[in-house]
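Engineer: Residues per chain are reported as follows:
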Amino acid sequence: MLMISPRMASGMQEKQYTPSLLSFFIYNPKFGPREGEEEKKILFYHPIEIEKNEKIRNVGLCEAIVQFTRTFSPTNPAKSLHTQKNRQFFHEAEENYWMVMVVRNPMVEKPNKDGKPPTVEYQEEEIIDSVYGSVLQQCYCMYKLFNGTFSRAFEAGGVELLTQKLEKFFYRYLQTLHLQSCDLLDVFGGISFFPLDKMTYLKIQSFVNRVEESLSLVKYTAFLYNDQLIWSGLEQDDMRILYKYLTTSLFPRHSEPELAGRDSPLRPEVAGNLLHYGRFLTGPANLKDPDAKFRFPRIFVNTEDSYEELHLIVYKVRERVNVMDLNREFCEQLDSLVGPQLTLLASDICEQFNINRRISGPEKEPQFKFIYFNHMNLAEKSTIHMRKTASVSLTSVHPDLMKILGDINCDFARVNEDEEIIVKAMTDYWVVGKKSDQRELYVILNQKNANLIEVNEEVKRLCATQFNNIFFLD
Amino acid sequence: DNMHRSDNRGSWEFQPEDTLTEETGNFPSTLAQANFKIMSESWRQHRKHVFVLSEAGKPIYSRYGNEEALSSTMGVMMALVSFVQAGGNMIQSIFSDEHTVVFLQKGPLVFVSVSATRQSEQQLRRELLHVYHQIVSMLTQASINRIFERRKNFDLRRLLFGSEKVLDGLLDVMDSDPSFMLSAVQCLPLPSSSRDALSHILQKAITPDLVFSFLIANNRLVSVVQEKTVLEDARLKPSDLHLLFNLIRASAFQAGEIWMPICLPLFNHDCYFYAYVAYLDPPECTVCLVLLSTDKEAFYAVAECKRKIEEAFASQNALQWVANTQLYYVDDISVANLRHFLYKPSKVLDHHRQLSQEERIRLLDPYRNMHNRIHSTSRPLKLIYHSAGKETLLAWVTSKFEMFACFTPLVTKKSAISELTKLLRWIKKEEDRLFIFIYAFPLTFQSQPCKRQSVTQNVKK
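Residue numbers (UniProt numbering), protein chains in the order written: chain A, 1 to 474; chain B, 1 to 461.
Careful: at least some of the hints might be erroneous.
Said to hold, decoys possible - As a list, the in silico SDA-like pairs of lysine to any residue whose alpha-carbon atoms are at most 25 Å apart:
1) A:LYS448 <-> B:ILE417
2) A:LYS79 <-> B:ILE417
3) A:LYS85 <-> A:PRO47
4) A:LYS55 <-> B:VAL84
5) A:LYS79 <-> B:VAL81
6) B:LYS390 <-> A:ASN374
7) B:LYS204 <-> B:LEU280
No wet-lab data here; the hints were simulated from the structure. As the structure is a prediction and not an experimental result, all values here were calculated from the model.
Same shape as in the complex, but just chain A (with noise of 0.2 Å):
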């Protein structure tokens, strides 16, 4: 991505590139072990384009990058290789399944006078390896969520199913992500939770339980508000990359007619039933259509042990969503189960959502400037990031001081201890990360003047206010 800002009054540009997918690609060496099968190894290469002896010398330049790093230790080979113009992400998913991602270095483009060609300056420090290596991991969970591991695949159908799995998944997929708008999050990969007072959330708990109990073929529900979870009965790590789905990609497509006013109504061709404002988003758009076709996406959980695959069945009231793992369709039998008790949740949650807003106050500019994760149950907070789409996580701060997050998690990540740096930056910035028992939890702090003890005295009444049960260093 390229963006341009006027640095010379003379009218000559200086270019800013963003980081951006050079190429990805998916190989395992024992496919193709002996000279001359080099083009077997090679499951899958963005972009398609590439002649295929260049993609065997790219694939031949990681085998033997990690080959050489084994020489130093065998069980932790090479995780990123960095040169001048591009950084690889190498992340090996499977046993001897290896993805690679080359990512093109941030670089900036100095216009020269004379007609001489523009220099060029690579950015190499602007990238961190801990956030893109965690993008990386993910393409893989997201595969997995939709297809199983590489493995199974290989087994059902060998190469071929396997290769073809890859494609369709990743041609599509790769074009959703955005390099440019990476950071600390997505080493963390957390959950928003949305907090609830104890009646509702019980309140909640029966319906699931409802649910689950009159509809045998019901496994997993997750509950959902808006894009904070409340519930779920998943496993942690399927949660966390199926709500990464649920939020990045099928709450957005969904949402748009609803973004032009909260409260409403539906508009009518969605709305099959006015007895209730409930509608699947995945499965059937119109339940009074019996001619219509409709399927479930199906996702893959709990790969590590009983490896299931199940439907999955995003049924929303409103802002309310009931995420559900089935095995066939029945679908009218939810809708006509599920709708009305929803809606009538719908309203005390809304209440308490209103309540909860209240309390934090209006959301134009937060008060306090933090990230917060907890290791232990994925939760996550941030003030800074403003929305989260697919295409962009906007945030309030400047991507330096974004930059300097990563920097003190990937210090934090170095021992397994409680600690807490405090760092000035150049523009005056404080920036405070303190670690304690699994949680992180990072402050921006725009006060110029202040010292350390001032710093650290505003810092401890964040925590007092929001962190209460808390126990952060001094």
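Given the coordinates of chain A, work out where chain B should sit on it, guided by the hints.
Structural biologist: Just chain B now, with coordinates in the frame of chain A:
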């Protein structure tokens, strides 16, 4: 385990480089796998490997292990470098959970560091640059380039025979001495009157073509004097001093004197100085005199200077000043929580430290990490305060100084700040005694009717 230095110099037969990558430009899969077998567990455990090879892939130096046995590993390294180069790109580093591999190419030489120290890429590359400069200090850049221009397959070990311990020594000291991180030289604290008197003695002992005179005590700089005309041209860089000190340390002589060629790469990378080195206090050998001349034949004249200096020292009992030097203790200024600090004024070559040897070396790792963050080229910082399990660390850069400090882990921020303020006040007060300001004002030699030649005209081949 045959991991000792190779005894074979220059007779080792090398495979031509084109067996490493075939005509198609692919990596033969067998090549990379071959490395796996020969490496022993003890070799792998080393914290930092450093390899030097030529562009042709010929091994020159390996910090650990027999560089001949490692020739195929070095071959792979060279293949990685050339492969990426062939794509119009430049390889910089490889990261894994435990190691960082950093590449540096200077002229016909390639340097690779494989490190488990978690230093940043920039810091590791700077260390490789020091290794390159140390090699230049022994051979000069001009001759290295010339040799390889004529013969790409040349085995540089022939010229570096016996010098492995110089490189070993450099790598060891870089791992234990913060001087390199700070790009500064540690100096011996002396009252400025004593230091001036010593400098005066050095200044008076002059002979044509004598350019620099150094007095070093216990690896700390006591005094440095340089010829006035040279001052106009160029300044001595701390890095060059480190290389000089390292060469002297590695020659490990005690009594007597040395006369050896040395190139100071940052000063002038194509010509030699000739260094006269002698200890002034045998047999303790703690005070070392180094005189640099541009004249290869000047040994006797320079030795005469040394004799004059010795005489002057004896008559004034100058060695006592050095022996008596008050090594300050941080306790003096009642900072109970402060364990250790490094302080470097921005204009001057110097820093300080205080703590046990092992502790100081251990602190280097977190200091280096903070140094890397604070001096980041894309997002530099002014201050870092890091409280962790074992200690609380602080790094601070202003326009006047940069400093690193280590406090007890439970120190409160208030105490840390107040102790730091006390420390800074004390440093300001003792400035004269603690630092050498050599470029704040010009030094002059006493007049002697000799023809002085500028170093830049006197390039020795």
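Engineer: If you draw a straight line from the CA of LYS204 (chain B) to the CA of LEU280 (chain B), is it 25 Å or shorter?
Structural biologist: holds, 17 Å
Engineer: Between LYS448 (chain A) and ILE417 (chain B), is the straight-line Cα distance small enough, at 25 Å or below?
Structural biologist: It holds: about 18 Å lies between the C-alpha atoms, which stays within 25 Å.
Engineer: Given the hint that LYS79 (chain A) pairs with VAL81 (chain B), does the C-alpha gap stay at or below 25 Å?
Structural biologist: holds, 18 Å
Engineer: Between LYS55 (chain A) and VAL84 (chain B), is the straight-line Cα distance small enough, at 25 Å or below?
Structural biologist: With Cα atoms ~14 Å apart, LYS55 (chain A) and VAL84 (chain B) stay inside 25 Å; holds.
Engineer: With the threshold set at 25 Å, check whether the alpha-carbon distance from LYS79 (chain A) to ILE417 (chain B) stays at or below it.
Structural biologist: violated, 40 Å
Engineer: For the pair we were handed, LYS85 (chain A) and PRO47 (chain A), check the Cα-Cα distance against 25 Å.
Structural biologist: holds, 18 Å
Engineer: Does the alpha-carbon distance linking LYS390 (chain B) and ASN374 (chain A) stay inside the 25 Å limit?
Structural biologist: holds, 24 Å
Hint violations for this structure: number 2 only, all remaining hints satisfied.
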